[in-house]
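**Student:** The lines below spell out each chain.
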Amino acid sequence: MADINNDQVLAWLSACAEAMTEHKQELTDLDAATGDADHGNNMARGFDKVQGSLEGHAGKPAGDVLKAVAMTLMSSVGGASGPLYGSYFMKAAAAVQGPDGISTDELADMLRAGVDAVKQRGRAETGEKTMIDALEPAAAAAKQAVSDGKDVLAVLEDIVTAAKAGMEYTVELKATKGRASYQGEKSIGHQDPGATSSYYMLHALYDIMTAEFPS
Amino acid sequence: MADINNDQVLAWLSACAEAMTEHKQELTDLDAATGDADHGNNMARGFDKVQGSLEGHAGKPAGDVLKAVAMTLMSSVGGASGPLYGSYFMKAAAAVQGPDGISTDELADMLRAGVDAVKQRGRAETGEKTMIDALEPAAAAAKQAVSDGKDVLAVLEDIVTAAKAGMEYTVELKATKGRASYQGEKSIGHQDPGATSSYYMLHALYDIMTAEFPS
Amino acid sequence: MKKLINAVDDVLTEQLQGMALAHPELSASLDPFYITRADGPTQGEVAVISGGGSGHEPMHGGYVGQGMLAAACPGQIFTSPTPDQMLEAAKAAHGGAGVLFLVKNYTGDVLNFETATELLHMEGIPVQAVLIDDDIAVKDSLHTAGRRGVGATVIIEKIVGAAAASGYDLDQCASLARNLNLRSRSMGMALTSCIVPANGKPTFNLADNEMEIGIGIHGEPGQERIPWQPVDEVTARMTTEILEDVGYSRTVREWDRDAGDWQERELIDDPFGEGDKMIALVNSMGGTPVSELYAVYRKLAQVCEERGIALARNLVGPYITSLEMQGFSITLVKASDDILNFWDAPVHTPALRWGV
Amino acid sequence: MKKLINAVDDVLTEQLQGMALAHPELSASLDPFYITRADGPTQGEVAVISGGGSGHEPMHGGYVGQGMLAAACPGQIFTSPTPDQMLEAAKAAHGGAGVLFLVKNYTGDVLNFETATELLHMEGIPVQAVLIDDDIAVKDSLHTAGRRGVGATVIIEKIVGAAAASGYDLDQCASLARNLNLRSRSMGMALTSCIVPANGKPTFNLADNEMEIGIGIHGEPGQERIPWQPVDEVTARMTTEILEDVGYSRTVREWDRDAGDWQERELIDDPFGEGDKMIALVNSMGGTPVSELYAVYRKLAQVCEERGIALARNLVGPYITSLEMQGFSITLVKASDDILNFWDAPVHTPALRWGV
Ligand SMILES: Nc1ncnc2c1ncn2[C@@H]1O[C@H](COP(=O)(O)OP(=O)(O)O)[C@@H](O)[C@H]1O
Ligand SMILES: Nc1ncnc2c1ncn2[C@@H]1O[C@H](COP(=O)(O)OP(=O)(O)O)[C@@H](O)[C@H]1O
Ligand SMILES: [Mg+2]
Ligand SMILES: [Mg+2]
Ligand SMILES: [Mg+2]
Ligand SMILES: [Mg+2]
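Chains as they are written, first to last, in my numbering: chain Z, 7 to 221; chain X, 7 to 221; chain L, 362 to 717; chain A, 362 to 717.
No lab work stands behind these hints: they were computed from the structure. Careful, some of the hints might be misleading.
[To be verified] Output of the computed footprint for chain L on chain X, the stretches with three or more beta carbons under 8 Å from beta carbons of chain L: (1) 39–53; (2) 78–86; (3) 165–172.
[As the list claims (entries may be wrong)] Below are the EDC-like pairs computed for lysine to aspartate or glutamate, each with C-alpha atoms no more than 20 Å apart in a straight line: (4) 562/A x 32/Z; (5) 180/X x 501/L; (6) 125/X x 386/L; (7) 363/L x 594/A; (8) 55/Z x 24/Z; (9) 638/A x 386/L; (10) 180/Z x 585/A.
A quick note: this is a predicted structure, and the numbers were derived from the prediction, not measured. Just so it is clear, CB atoms sit at the ideal spot from N, CA and C, and this is done for glycine as well.
I would like the entire structure built from these sequences, with the hints used as guidance.
**Tutor:** Structure (structure tokens):
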């Protein structure tokens, strides 16, 4: 049985679009500090396209939807984050097989496959002050929570908590990948925009699931 | 007999250079209001060249010196004022014949020939807010003072007084010639830079003569 | 004042030295200032010569070379060059077929070139001078020094240079230049001022939300200072004014080589209308990048198309600038087949090159 | 923000429309964005394709045409284009002899072009990608994304475009591009920031008396922020750093068409020394007029001459800009006779044209 059904997947993607638009200025301001002040615009543009495509995806299996989202992000985000989020969703999609939605097991696999794809495409590891610093702990937390037998809301709570901690940890890190790396030591003290958008993306899933099942 | 001897002519030209340098900023500021903010630079550059040439003119008749000055101004002032002051000195030079200097009669002829040359080259008349508005009354005053039989200092005093009045009158005028004409009505209320440099030029002659014969 | 300069007094000399180093096909005289073709003078060809205050680069030095100018005389920044420069440049570039001075209509340029014309005549060199006054922003021309010479200068220098290279004689070159001027209209605008090095402060001040329509290339005031508008609005306004400007008349002085004196003559603009083919220049004032000019060109082309006017050729870029001023100007020159042939003829200068 | 634009979201589309109108020899696709030759694809010729964020005009769209690029992919301003654009552009420009992507080394460009390379390979089109990373201002390259691609891009696009037109095959073109990159070094500086339309405020802030040495073309910070210096001092410093920079090494990924995968390879810069002949680019960041660049060129030539280095060819002007930023960059590319022949070969693009 799917813990997150296909409709909820669509709702999640729509919530991502809303989150990116809501936090557009914040993401851009973070990027202004260490990069080129476009991350908010890039993410908002990309997820806006995704949102526009969702109607056409109604009723489709989650895996297919996520694959289409990957292509949309790849062709509309631009910059470094475009191909990285594109790879994330592409490999995440491949981890989802069921016709009805995503199980918690698949959720953990998705997050692992996604972050591994980002690492490979970006030739980066944790600790380099990138989105990986939010995505990797989130994937690890998902795996742990699932093997602890937690339910979907509890798994998502762990994911969000881990992503948040990872995101906040990037403040202390020195960037060694991406545009922020040109700032060297000066990058320390600023939170990474990509880690921040990753956190909002995962948080959006938690949000729509808790909205449906308020505790 | 020369009322203004050859040495005094050289001293006058040198005093002109000092006056243009001293008032460079003022002339440029006047030009900034109605033109292109270069009149002080142009005049200072031109008379600086003149000053540099004076040593070589020691002992030469005033007419020859003034002709050389005309060429120097023509080739170093630039802008509208360069050929105008060039023509002024060129025609003024032709009015001076004596080997020893300039008589008051010749002075009056000089000023007349000079301003007529400016009018011809510039296709302008009095009342158009140009140097002519200082030079024309100065020439008329010279003629009057000489026919009244005044001595050189008195003639120069009349010249300077007339030039000053003409210069100040330009404040009220609307420019219809030169760069200031593009300002139309907005040129009213500002003193013309060329009329101002003409006044300083004539004033310099008065200065060196009164310095030599303090009353 | 943040500029790429050393001492203010050396700016012009050093820039000319750099230009000569970068373009060995030119030679630069530093005293007096003038630029000629290193392989000149071209025997039997009319020497088309222009000049004016510096600060409008690449004009005029960047237009010296095969198929365009034989020489250029740069004055101090925004200040007319002087007759001695013009005389020396003309003597250096004269190839036995006479000298044509192309003069932008500013009092300083006019008076200095007139003086040079007289001097050159006294030296026995056949000479003519043609005024360029295409800036329609000057409306009250009866009570001013008249329209200013702006963007048409670039196009006229190219076309008359090609005509000279093709064998036109002095009077033919002069009459072509004169006709072209009557078929040319321009208008400019500024987003920011520029700073003349010798002054060290902005020539004028525009507020953060203001622009000035009808600006001259030395920051002469225009028609109106207005709040910022989208590029489409400004472009449509300027294009419409250019297309609808008719019947401008001016009295020019022409040099009578037989009489050795100036003769006055009245010349009236040739109107634009449906079916005309234009050469269009969308010009950067210096600080506006070419990307923004393409937005101007887009609207210009739309407005012209609506009126049945074709843009047969174009230049989009910094061709006649005002130091680092931000803004643009539009110039339209009504072409004919002959004019287009001269336009398409080979040209090899630092700033304009094709066919060779 | 005072710019010649309409709505921020329409900037790119409208500029491309204007460019296509002004240059009928090009054709512009608006969805996705790419520019190709109107007369393309050129059968049997390797399609040299580049792309990158917009805001650097005339790069890259202004270099599409005979003897240079077969296509260009403009991204949003200062944001890499996306793989779908690259794929469509490549398919439109492919003349049967393969596609070479010239990629400036920015994470975004690299990742998007890598994705496009993989997609193109899957479509059965022979493809290779070469990185350009000539900006020596990035010193701590081991702990960063590496040197950035700047001015050398223009020169490499010209030379490899000429090689492709002369019949070089895909691997020859790629190896020429790779070699040229190892013979290229650049450095830039800024006097002012620029404003990205979507942001509406300056990318960084420089005080009235400050300049930034080593700036990147998107305003990436450089080596040092210093009080204003005369152009001679700044130019001498930058030239010396460029000439003395030796031994830079980087690991690049090359596409293995047989394995259908990336192979890593280490490449080390070719040093500069006495007797070298250079192609020099003195480039405006967009808002600096060409007159000031000539002062830079003058000092650059002096420093090179003192070291027995010849400037065999040069470009002086706005070739790779950062919107309206004021400042300049210097690029030196060590030439050979072959390289100079390709440089001199005919080129006909909006921004670079000679011999045709
Ligand atoms: N090599 C990399 N690996 C993983 N993530 C990266 C890498 N380079 C950059 N990023 C992420 O991308 C974010 C920047 O994205 P964005 O601003 O959209 O692109 P750009 O840097 O091209 O402007 C960074 O904050 C970082 O999280
Ligand atoms: N047609 C003219 N006739 C007489 N004087 C003129 C004429 N045009 C300009 N002037 C004078 O020249 C002065 C400006 O000189 P200057 O600033 O040196 O040259 P420019 O106007 O070329 O910058 C004006 O203030 C005016 O007195
Ligand atoms: Mg960014
Ligand atoms: Mg002036
Ligand atoms: Mg002037
Ligand atoms: Mg970016």
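**Student:** Indicate, hint by hint, whether the structure satisfies it.
**Tutor:** Comparing the hints with the structure gives:
1. 39–53: Contact hint for the region 39–53 of chain X vs chain L: holds, 6 residues under 8 Å.
2. 78–86: holds (count 7)
3. 165–172: violated (count 0)
4. 562/A x 32/Z: holds, 15 Å
5. 180/X x 501/L: holds, 13 Å
6. 125/X x 386/L: violated, 43 Å
7. 363/L x 594/A: holds, 14 Å
8. 55/Z x 24/Z: holds, 12 Å
9. 638/A x 386/L: Answer holds: residue 638/A to residue 386/L is near 19 Å, not above 20 Å.
10. 180/Z x 585/A: holds, 19 Å
Taken one by one, the earlier hints fail for this structure at numbers 3 and 6, listed in ascending order.
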